[in-house]
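So the sequences go chain by chain: E and F.
For the first sequence, counting from 1, position 135 maps to 135 in our numbering; every step adds exactly one.
For the second sequence, counting from 1, position 310 maps to 310 in our numbering; every step adds exactly one.
In case anyone wonders, no lab produced these hints; they're calculated from the structure.
Take the hints with a grain of salt, since some may be wrong.
Which chain F residues stay away from chain E? Per the calculated CB distances, all over 12 angstroms, these [stated by the list, open to error]:
id	residue
1	ALA42
2	GLU116
3	MET146
4	LYS175
5	ASP202
6	VAL218
7	GLY223
8	ALA236
9	LEU243
10	ASP248
11	ASN340
12	GLU361
13	THR405
14	LEU454
So the derived label-pair ranges between C-beta atoms look like this [claimed, not checked]:
id	chain 1	residue 1	chain 2	residue 2	range
15	E	GLN210	F	ARG179	45 to 51 angstroms
16	E	ARG305	F	ASN253	19 to 25 angstroms
17	E	GLN120	F	ARG450	51 to 57 angstroms
18	F	HIS358	E	THR104	55 to 61 angstroms
19	E	ASP278	F	ARG266	43 to 49 angstroms
Built from N, CA and C at the ideal position, the CB exists for glycine as well.
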Amino acid sequence: MLSRTADHLYWMARYTERAENLARLLDVSYQMSLVPQSVASQNENWRAILALNSLEATFAQAYSEVNVENVLRFMVSDAANPSSIYSCLRAARENAHAVRGTLTAEMWESVNATWIEQRQQNFENILARGISEFFDWVKLRSAVTRGVTFGTMLKDDALHFIRLGGLLERGDNTARILDMQYHILRQNDDEGASDFYRWGALLRSLSAFQVYRKVYRDAITPARVAELLVLNMDLPRSLHSCADGIVRMLQLIANSASAETARQAGVLHARLHFARIDDVLGGGLHEYLTDFMDRVFELGDGISRDFLMPE
Amino acid sequence: MSADFYNEMYDSAGTLRPHYRPFAEWLAGMPAERLERKRVEADTAFHRVGITFAVYGEESGTERLIPFDIIPRIIPAVEWESLQAGLWQRVKALNAFLQDIYHEQAILKTGCIPPEQVLNNAQFRPEMVGVDVPSEIYAHIAGVDMVRAGAGESYVLEDNLRVPSGVSYMIEDRKMMMRLFPELFSRHMIAPVQHYPDILLDNLRTVAPKGVSDPTVVLLTPGAYNSAYFEHTFLAQQMGVELVEGRDLFVKNETVFMRTTQGPQRVDVIYRRLDDDFLDPLAFNKDSMLGVPGLLAAYRAGGVTLANAIGTGVADDKSIYPYVPEMIRFYLGEEPRLNNVPTWMLRKPDDLNYVLAHLPELVVKEVHGAGGYGMLVGPASTRAEIEDFRARIVAAPEKYIAQPTLALSNCPTFVESGIAPRHLDLRPFVLSGKRGISTVPGGLTRVALREGSLVVNSSQGGGTKDTWVLEN
């Protein structure tokens, strides 16, 4: 298929996935902010969200203070913020529009409908209806688009590039959410009973709370949370599971230039597949996750070079 | 019913023309609510599929539905056959003319056409002189605008030889009619049109560069913001060829390649829906981001075929139009079967004087204009509009031609107030390939929906009708 077509499909999927994970991240942050704590430490958490996407400078241009409402407004519906949910959904729709002919009619209609509905909302009425309802809507729309994709697309390269983009984005986003929340949660370890709620909220944001109960049948501990989200092979949003999918997609789309990228994906996968959580935590989870994100970034580069923007 | 215009459905005595009789009987038996329901259904379906076109000059990103009318335009077989013969004759002559002016220029030497009219024309491409194109075909796709006027005689209004559009509406209109009123198709023998993309693809494959046995054809679009993007997507999908943009292609060793996820793939034939000026920034408009650097060089070397060829604009230019009958006599030794509209060329002082004295009755067009933009329809214009146009003509008369205002035929059409006559034209699509010339029966019928309006362009609020050629 045309490289440009693959590029649009890949980014359509990345932006759709990114919007969903942003909704997850903001939702968990919002939930946690409801647990009693000092205003200072709360605002610290919101500052961390900006730092996560290196958006401090962009934010400072339009807002004077870092607080719940400002950060939510900036990350949810600010069209001037290229990383807001609004901008991600717009970018997903623009990429889809450019390759309408390659998408099934249902897929196009789903992506387009999400964008049209989003455009009809503004931050005030999102707040008025309850921000969690909005986050649920974003997750649901993402699920609908994903469902229509799997339910209607021919299993050819177009689908493989869509899946590849989604998996790469999801792996990166899970690592980011975990990195940030793990850091904050460990700092506040002494706050006792609220711990359960905080770790619980993190798990829920990645749709992993019930899975945790099923897998461990035991109290929630930081090490087990990390193990589940990093190393569990069967949890759809774990790093391991994403790496697994990336390797498979790269096999399906391989070309004469892509051997090195496939090798790097294999290394990434092996490092997760054969790891033990004690070793991961021993070297520092933050270091481990940073290394993972760097490798995913490299893979993105390789995919772009080999398939999407060849010389 | 206005008696001043030829009506496609009724004769001047108000009697149904025979070829409309079965349809009219069917229509008379249709309850109004059912018709209304069907019209809504058609609207919804067109919207859902996204058969829209972008309108220039309105708020950015404006997409409009082209109104579709459920009363078809019906043409009897015998009439179509004579029309078709005329179209083939005309397109053959136009192709011969292009081959000639880019090679021997015999027609200029005889004085049939003043040489400066061709050689100084902005649409004449000196880059094409001496370049041989496969099968000597320049206009692979021609969209010839036909109207019926006066007592029913046909005229050619324009030969569109650059990137004529509208064929997707022809096909979608037919699909819609078959969906809404399948019973009509069992009552009539209506010649099918949906195989157009097949014939097009077949033609494009026959004009591939020499030595290519299994050519790769692509459709080159200016991109998603072009007004005809829907059509580009539609035709690429129907033909099963890649829809490419300039940035998807590159030229190496005078060969064109497209960038695919499996590496570079050679391209042999480009059905381009991009104007000459934007094709190659190295040769034409340097600022074009839409084209492919080096494309002209590859084309001239025979590494790739462009359809239509570069430089066809000189043959459909309004300043050349008056000479088409001469071309037919010169190249084919035949008398023209289709009428030209009498045309005043305002670069000629006598013509200019006459036209300036008769502006309120005439149609004045920019020589290089298209799409219904930049024209004056005298009888439909205010005094101020006419005076404004007069000033523009006086400032640069050579930029304009004028024609009598034709009493375009009309056809009953659904409008707000019920069924009323509206003016229409017909754009048949003529395809030329190595194996010869072909048309699918009929074409796109465009209808001016505003009462009294003679401008049928979709950009000016025109609609479309399904066009039926009845088989004997």
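Out of the numbered hints, which ones does the structure contradict?
6, 7, 8, 9, 10, 17 and 19
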